[in-house]
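Position chain B against the provided structure of chain A, taking the given hints into account.
Take a look at the letters that make up each chain.
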Amino acid sequence: MPATTKGLKLVDILTTIVISVVFGIIYKIWGPLYYSVKPLGFHIDQLIYGMWFIAASVAYLLIRKPGVALLAEIAASSGEFIMGSEWGLEVLIYGVVQGLLAEVVFAAFRYKRFDALVVSLGAIGATIGSLVMDFYKGYIEALAPWNLALFLIARFIGAIVISGIFAASLVKALEKTGVAQMLRPASKDDYDALDR
Amino acid sequence: MKWNIHYRETWLHHTNPSLKLMVLLLLFIGVLFVHNPNVLINFSLGLLLLFMLYTGYPWKFLLLFFLPFFLVFVSTASSMILFGEGKTTWFRWGLIHVTEESFLRGMHLGFRALSFALLGLLFSLTTRPVCLFYSLMQQLKLKPKYAYSFLAGVRLIPMMIEEFQTVRNALKVRGGVNNGLFEKMKRYAIPLLSQSIRRAQRIAVAMEAKRFSDDNERTFYYEIGFGKNDIMLVVVFIVVTAVAYYAGVHYPYIPVEDVR
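Protein chains in written order, with our numbering: chain A, 1 to 196; chain B, 1001 to 1260.
Hints may be right or wrong, so weigh each one.
As the list claims (entries may be wrong) - Taking lysine-lysine pairs in the DSS-like style, the calculated list, with each CA pair at most 30 Å apart, reads: (1) 172/A / 1060/B; (2) 38/A / 1143/B; (3) 112/A / 1143/B; (4) 112/A / 1186/B; (5) 38/A / 1087/B; (6) 1184/B / 28/A; (7) 9/A / 1186/B.
No lab work stands behind these hints: they were computed from the structure.
If we strip away everything but chain A, and leave its shape as in the complex, we get (with noise of 0.2 Å):
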């Protein structure tokens, strides 16, 4: 192991990755759900949206360093790319997109917060990483101005539930697992409980 603690141990990438992996395959069986609620109309679909923003958040929450979120979303759309997703290559280059952007919001907490409020923002980051993606691809300026509104509204609800709030106990519930303190480095509490 490189004695450097700058950057990603293969310990922390592999563990990303592996997390990243399950998501691929939750963001896979996501897809015909996607679009079969899709014809419902009045975006039902945007709620659900958010799902493919999740690995980014719990990457982060359970491994706690700089770069996981953005390896977290990279390699759940690879995964879901690999395992043949409907939508093709688009999917790797959104999923390189909205992790960038989530990771700049946690990188504007300096990897400090961990809760739910810092991985709602990233979600919301994240979010605007696809519009900014659906803007180029989907024309989605040109929906009438009633129903740009409700798809926008629809798509941040829906990535504030999942990615943030969900996500969030979704770690907790995990943390009680005990596999949490594996992953994570030692945090000031650790070495506080040592002096005492």
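The following block gives chain B in isolation, referenced to the frame of chain A:
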């Protein structure tokens, strides 16, 4: 992706994976800037032809792979057709407002989704993940610790699917109350994730012991280079793009040049 389907290897299987990925990503980005439906329709047809002739899979599987893409086509096109803005009204019913412009834009989006899907399928059906990551390390200098972690992750997919089924069966046997979607997702996600984390830790220890994290002067089991198939790949895609563009501009199907 490894399928247990017998397929014939074509020249597309023997191209350099990194080059193929780069070419297809470039085309992907190029398609984002195509606003002429005629060009896009031609381009999708060209890709469809490559997909049918050179992925090497039997016809019935190709049709099976293609089915979900058709659904994506319909679902992508529909919201723009029904709710898009435009001037020439064809049909109005309550909130639904179909115009000539929104219809064309919707169809354009459908074809765009189709061409993305085909680009993706052309890649994933003709590339083994192992070759892809070896090539990324050798040609694009991806760090080995990332590439090998990805490969380990890919290898775990079947195991995870099996675990998913085990959890599903276990939950079925135990029965239990239905307390909503999120609770249900948690019941699946927590055992799968915790198990994956434990497994990842064990694999990482083993990999580090075998110096998979070492970057200096690695040698590779698979040496991946370039060959004449790679020239063919570049030429074929240039020809498809050029023909699609020329024919789309000079022999249009519909007299519309920009759907925006």
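Cross-check of the supplied hints:
Of the supplied pair hints, the one linking residue 172/A and residue 1060/B is violated, its CA atoms being roughly 46 Å apart against a limit of 30 Å. The hinted pair formed by residue 38/A and residue 1143/B fails the criterion: a straight-line CA distance of about 40 Å is larger than 30 Å. For the proposed pair residue 112/A and residue 1143/B, the alpha carbon gap of about 27 Å is at most 30 Å, so the pair holds. This hinted pair checks out: residue 112/A and residue 1186/B have alpha carbons roughly 26 Å apart, not beyond 30 Å.
For the hint pairing residue 38/A with residue 1087/B, the CA-to-CA distance comes to about 25 Å; that is within 30 Å, so the pair holds. For the given pair, residue 1184/B sits about 18 Å from residue 28/A by alpha-carbon distance, which is consistent with the 30 Å threshold. For the hint linking residue 9/A to residue 1186/B, the alpha-carbon distance of about 29 Å falls within 30 Å, and the restraint holds.
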